[in-house]
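Engineer: Below, each chain spelled out in residue letters.
Protein chains: 2
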Amino acid sequence: MDQIVSAPEMAMQASARDQLKSFVERIERLEEEKAALAGDIRDLYAEAKSAGFDTKALRTVVRLRKQDANERRDQEAVLATYMHALGMLDGADV
Amino acid sequence: MDQIVSAPEMAMQASARDQLKSFVERIERLEEEKAALAGDIRDLYAEAKSAGFDTKALRTVVRLRKQDANERRDQEAVLATYMHALGMLDGADV
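Here the protein sequences come in this chain order: A and B.
Under our numbering, the residue at position 93 of the first sequence is numbered 93, and the numbers go up by one with no gaps.
Under our numbering, the residue at position 64 of the second sequence is numbered 64, and the numbers go up by one with no gaps.
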């Protein structure tokens, strides 16, 4: 492993190495925050469960609301495209 | 659909409904933050790519570092278990 890594390692400039390190550290920090949020969400479902809610139904509700929101956004995007094509959104531009 | 939903809906107390609503909204807020972080991570990889880094190798590096960290933690946990079993961690307790 050492032999495989050492050759390209030597080929990388110090500045590129620092930049790489910085990217990796920034990614890791964000991944940690994301994992922490995933933990918070898990805790929240557990809290809901001990309050007597069915977590499976709760997950389904959250998913359905997200779908609805996405569909609404899609619908709005299509509508905006049509309205733009028909010059109905160009009031400010024209 | 309306018929299926209306019966259990009426069976739920107003206070439980508020509580349910609160759970759903809190979950959705955390899910949004998580999605935003996922977007930030994607952007960061894109930034690294345009800086000339190979994102596939970068993802592998991040994964390997995480594995190493997890293995180190696992090792430490095993070590602590053994040390505890041998009374090597009980200095303060005994």
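Derived by calculation from the structure, the hints in this document are not laboratory data.
One thing to keep in mind: the hints can contain errors.
Where chains are identical, the list cannot tell them apart; a pair therefore holds if satisfied intra-copy or between any two copies.
Unchecked claim - Listed next, the in silico DSSO-like pairs over lysine-lysine satisfying Cα-Cα at most 27 Å (straight line):
1. Lys-21 / Lys-34
2. Lys-66 / Lys-21
3. Lys-34 / Lys-49
4. Lys-66 / Lys-49
5. Lys-34 / Lys-66
6. Lys-21 / Lys-49
7. Lys-66 / Lys-56
8. Lys-34 / Lys-56
9. Lys-56 / Lys-21
Engineer: My question is about Lys-56 and Lys-21: at a cut-off of 27 Å on alpha-carbon distance, are they close within one copy, between copies, both, or neither?
Structural biologist: Classified as between: cross-chain Cα gap 15 Å, same-chain 41 Å, threshold 27 Å.
Engineer: Should Lys-34 paired with Lys-49 be assigned to within, between, both, or neither, using CA atoms and 27 Å as the limit?
Structural biologist: both (23 Å within a copy, 22 Å between copies)
Engineer: Treating 27 Å as the Cα threshold, decide for Lys-34 and Lys-66: within, between, both or neither.
Structural biologist: both (19 Å within a copy, 14 Å between copies)
Engineer: Within, between, both or neither: how does the pair Lys-21, Lys-34 come out at a Cα-Cα threshold of 27 Å?
Structural biologist: both (20 Å within a copy, 24 Å between copies)
Engineer: At 27 Å max between alpha carbons, let me know whether Lys-66 reaches Lys-21 within a copy, between copies, both or neither.
Structural biologist: between (36 Å within a copy, 14 Å between copies)
Engineer: Checking an output row: Lys-66 and Lys-49, CA cutoff 27 Å. Within, between, both or neither?
Structural biologist: within (21 Å within a copy, 31 Å between copies)
Engineer: Between the shortest in-copy and the shortest cross-copy C-alpha distance, which are at most 27 Å for Lys-66 and Lys-56: within, between, both, or neither?
Structural biologist: within (15 Å within a copy, 30 Å between copies)
Engineer: For the identical chains here, do Lys-21 and Lys-49 meet the 27 Å Cα criterion within one copy, between copies, both, or neither?
Structural biologist: Between copies only: 14 Å across, 42 Å inside.
Engineer: Tell me, please, which holds for Lys-34 and Lys-56 at an alpha-carbon limit of 27 Å: within, between, both or neither?
Structural biologist: both (22 Å within a copy, 20 Å between copies)
Every hint, counting from the list given before, is met by this structure.
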